[in-house]
Amino acid sequence: KAGVTQTPRYLIKTRGQQVTLSCSPISGHRSVSWYQQTPGQGLQFLFEYFSETQRNKGNFPGRFSGRQFSNSRSEMNVSTLELGDSALYLCASRKNTEAFFGQGTRLTVV
Amino acid sequence: EDQVTQSPEALRLQEGESSSLNCSYTVSGLRGLFWYRQDPGKGPEFLFTLYSAGEEKEKERLKATLTKKESFLHITAPKPEDSATYLCAVQAENNAGNMLTFGGGTRLMVKP
Chain A
1 KAGVTQTPRY
11 LIKTRGQQVT
21 LSCSPISGHR
31 SVSWYQQTPG
41 QGLQFLFEYF
51 SETQRNKGNF
61 PGRFSGRQFS
71 NSRSEMNVST
81 LELGDSALYL
91 CASRKNTEAF
101 FGQGTRLTVV
Chain B
1001 EDQVTQSPEA
1011 LRLQEGESSS
1021 LNCSYTVSGL
1031 RGLFWYRQDP
1041 GKGPEFLFTL
1051 YSAGEEKEKE
1061 RLKATLTKKE
1071 SFLHITAPKP
1081 EDSATYLCAV
1091 QAENNAGNML
1101 TFGGGTRLMV
1111 KP
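First to last, the protein sequences are chains A and B. If you count by this note's numbering, then the first sequence holds residues 1 to 110, one letter each, in order. If you count by this note's numbering, then the second sequence holds residues 1001 to 1112, one letter each, in order.
The shape of chain A in the complex, shown without the other chains (with noise of 0.2 Å):
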């Protein structure tokens, strides 16, 4: 069974540049969440996703924003680049109680 895949693995953009991340989920998963983890911040929650309606969104700024798709496939996306979004960021997948994450986009903002 495939696992949650997020695509590209790493980015690397420039201040004020915007960038869109993928996530397929798991098969049948029809609710996707996206977190960013820091070294400062830890993993921090930025918004869920289920039948293509958001259904819960983190304490982040307006620049950071994400839809999904019939299929549950996601999308997030940052617009205008700052340093401190650096970050790896994780999508993770669920049908019922656990959360499966996948592994995960390193974006490096320069």
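I should point out that these hints are in silico values taken from the structure, not numbers from a laboratory. These numbers come from a predicted model, not from an experiment. Each statement offered as a hint is correct.
A short, non-exhaustive set of chain A residues, derived as facing chain B with CB atoms under 7 Å:
| id | residue |
| --- | --- |
| 1 | LEU43 |
| 2 | LEU90 |
| 3 | ARG94 |
| 4 | GLU98 |
| 5 | PHE100 |
| 6 | PHE101 |
Which chain B residues stay away from chain A? Per the calculated CB distances, all over 12 Å, these:
| id | residue |
| --- | --- |
| 7 | PRO1008 |
| 8 | ARG1012 |
| 9 | GLY1016 |
| 10 | SER1019 |
| 11 | THR1026 |
| 12 | GLY1029 |
| 13 | GLU1060 |
| 14 | ALA1077 |
| 15 | PRO1112 |
Beta carbons are placed, not taken as given, at the ideal position from N, Cα and C, and that holds for glycine.
Following the hints, position chain B against chain A.
Chain B only, in chain A's frame:
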């Protein structure tokens, strides 16, 4: 506001030296407490879910327990391959979705 605190931040053990990791939490109604293992550069790997005080779950050398205020991850006779960061997270009852609040993690190093 939901809070999760893990201790210690780092733990060095000799192979075979058993120990416990602590996860203290404050949540307005616990829907579930989760333990994950994370290796460097990888996403968290699911280990256990605990739902109510008194519950225990085991997997190989790991055993997770839950009280009303904290959870412990007991590691029995650890091996070097158990070296990783262990993360604890809670999901609150008043959470409309599946948001998890994570602790800072415990970095475990097991020396041969």
